[in-house]
Amino acid sequence: MDGWPSWRGVIEFGATLAFALSGLIEASRKKLDVVGVCVVAFLTAFGGGTLRDVLLDRRPFFWVEHAHWISALLVLCVASMLLLRTRHIHFTARAMQWPDAVGLGLFAASGTQIALDVQMPAIVAALMGTVTAVFGGVLRDVVCNDIPRTFIDHRPYAVCAFAGAWVVIGADALGLAAGVGLVLGGAVAMTLRALALWLGWRVPAWRQQD
Amino acid sequence: MDGWPSWRGVIEFGATLAFALSGLIEASRKKLDVVGVCVVAFLTAFGGGTLRDVLLDRRPFFWVEHAHWISALLVLCVASMLLLRTRHIHFTARAMQWPDAVGLGLFAASGTQIALDVQMPAIVAALMGTVTAVFGGVLRDVVCNDIPRTFIDHRPYAVCAFAGAWVVIGADALGLAAGVGLVLGGAVAMTLRALALWLGWRVPAWRQQD
Amino acid sequence: MDGWPSWRGVIEFGATLAFALSGLIEASRKKLDVVGVCVVAFLTAFGGGTLRDVLLDRRPFFWVEHAHWISALLVLCVASMLLLRTRHIHFTARAMQWPDAVGLGLFAASGTQIALDVQMPAIVAALMGTVTAVFGGVLRDVVCNDIPRTFIDHRPYAVCAFAGAWVVIGADALGLAAGVGLVLGGAVAMTLRALALWLGWRVPAWRQQD
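Chain order of the listed sequences is L, A and V. Position one of the first sequence corresponds to residue 1 (the UniProt record's numbering), numbered consecutively onward. Position one of the second sequence corresponds to residue 1 (the UniProt record's numbering), numbered consecutively onward. Position one of the third sequence corresponds to residue 1 (the UniProt record's numbering), numbered consecutively onward.
Don't take every hint at face value.
A pair counts as met if it fits within one copy or between any two copies, since identical chains are not told apart.
[Claimed, not checked] Listed next, the in silico SDA-like pairs over lysine to any residue satisfying Cα-Cα at most 20 Å (straight line):
1) K31 to V75
2) K30 to R155
3) K30 to P148
4) K30 to D146
5) K31 to P148
6) K31 to L174
7) K30 to I147
8) K31 to I147
9) K31 to R202
10) K31 to R155
Hints were generated in silico from the structure; no laboratory data involved.
Next up, chain L with everything else stripped away, as it sits in the complex (with noise of 0.2 Å):
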């Protein structure tokens, strides 16, 4: 319970505040009314990490230990809403990309320790962190109606997740502290994923005139 648990607390507090946060963003932009701004919120926020314990057979939930956590977004999504609507605030299509990198690498590095945590192999681990990174987001573009980012955007999203996800495993097996692999995991991946915004780094592909 001391040391490194303390450090996941927080990086997935960050996570699931950061995915909240574009979720908010993107449901905005998109006039849902305070239903759908919720569900969607929610669904960025819980959906990756949902996944993970339902795939590692974890109970109780990260948000049922957390409980407060559920009525603390519920007063965040209204209350933005709130504000958003009086002071006439705009969002472009590009803001939420910033939260979502931040959530992206968070997740990814305390997805894949909790699965070394749990005895997987490496592979599934980065796989594990992966998913929890990536699929908050996935239902937060099914919902919206739009065809899921990491599937048509060519820049590389789920990748930066998987390497930040082998920064974690790799410091497990030098038998770093978990804190410093977590950090320096979340870290790379975030890194990654604002560099290949940044730059447009793009994912291999078939050639155009193929």
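Using the hints provided, position chains A and V relative to the given structure of chain L.
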């Protein structure tokens, strides 16, 4: 086993039947083939409860406990399809709203009660009731290639289930018999949804000219 | 460990490989990038079995038990993509139907047998076999942004898996060795699907002018 489990049994049976009917009506309007009709009826009837049982880690599933319901539903689907084909019965777009409202109320109540029985915090129980009530209909709409009604219909839907769930939680906190809470909560959710449809209530949204 | 588990191992391996191929073919036709190709191949190969294992509460997942399959599939995806890109190989729309039919048959048989092994009632086992067989393909189509073939293709698909499942259940009830039921059930499902494709069988539907 005595007392309220039988209440819950009756309520789950009613909810499953009501959602199966709404799925049947929707599938017949979309002119799906016999396989499609069965798939849509099954997903609508069993989808919400299955997600609830996965999230709460309850096994066996309620449709494994009542395996004969599956066969009964299969017979019901094929029989109604033959009947509808012969009698040239057509449904209007709004015909499925009424069984849908009944299923919504009953599943909201039973899902909340089941979550309370396994000692979930109140906010989690309310969420479970809402998920149980809403998810079957979401699957029905996704499979029929519609955008889920819950997200675009601006009349309250999930909100009614959420309100009904809190009635169940309140009755539980007051120490009333579980049957009372179930019936009251289900009735409140159903009535709210019926009033919302009838009076055209709307969920707060962004301003049109925002 | 002696006798039929090895049968099941062979059959699950064949089914996974067949569905991975169908996913690869479909992803290459859609010109997805390398991440998309891997995601589609993974979801198609592992989706049905994972849903089955979640529903039956079986852990570890079959892809955690065989974690090297994941790495092998990753290598296969990247290698085939490079090969296809170099050799300018193109697939017709119908190319994926044949590995798809093989995967359908094999997963229907193994899914049913696994459900019988954990004492599910016959109708639930038949449903589990069908879900295992069908769900990977549904995920493939959803991710490739198609309407799932199972729901719009009026040729029998899920029905073939359902028929194969009942052959496995019948063989089990007759007390035959599990290997016999698996091979028979898989062969029946595969043959029915191949005949359906070849002879253009159709599922009963509404009348056109209805």
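We went through each hint and held it up to the structure:
1. K31 to V75: within (18 Å within a copy, 43 Å between copies)
2. K30 to R155: Close across copies (17 Å), not inside one copy (23 Å); limit 20 Å.
3. K30 to P148: both (15 Å within a copy, 15 Å between copies)
4. K30 to D146: both (11 Å within a copy, 17 Å between copies)
5. K31 to P148: both (19 Å within a copy, 16 Å between copies)
6. K31 to L174: neither (48 Å within a copy, 39 Å between copies)
7. K30 to I147: Classified as both: same-chain Cα gap 14 Å, cross-chain 14 Å, threshold 20 Å.
8. K31 to I147: both (18 Å within a copy, 15 Å between copies)
9. K31 to R202: between (31 Å within a copy, 14 Å between copies)
10. K31 to R155: between (27 Å within a copy, 15 Å between copies)
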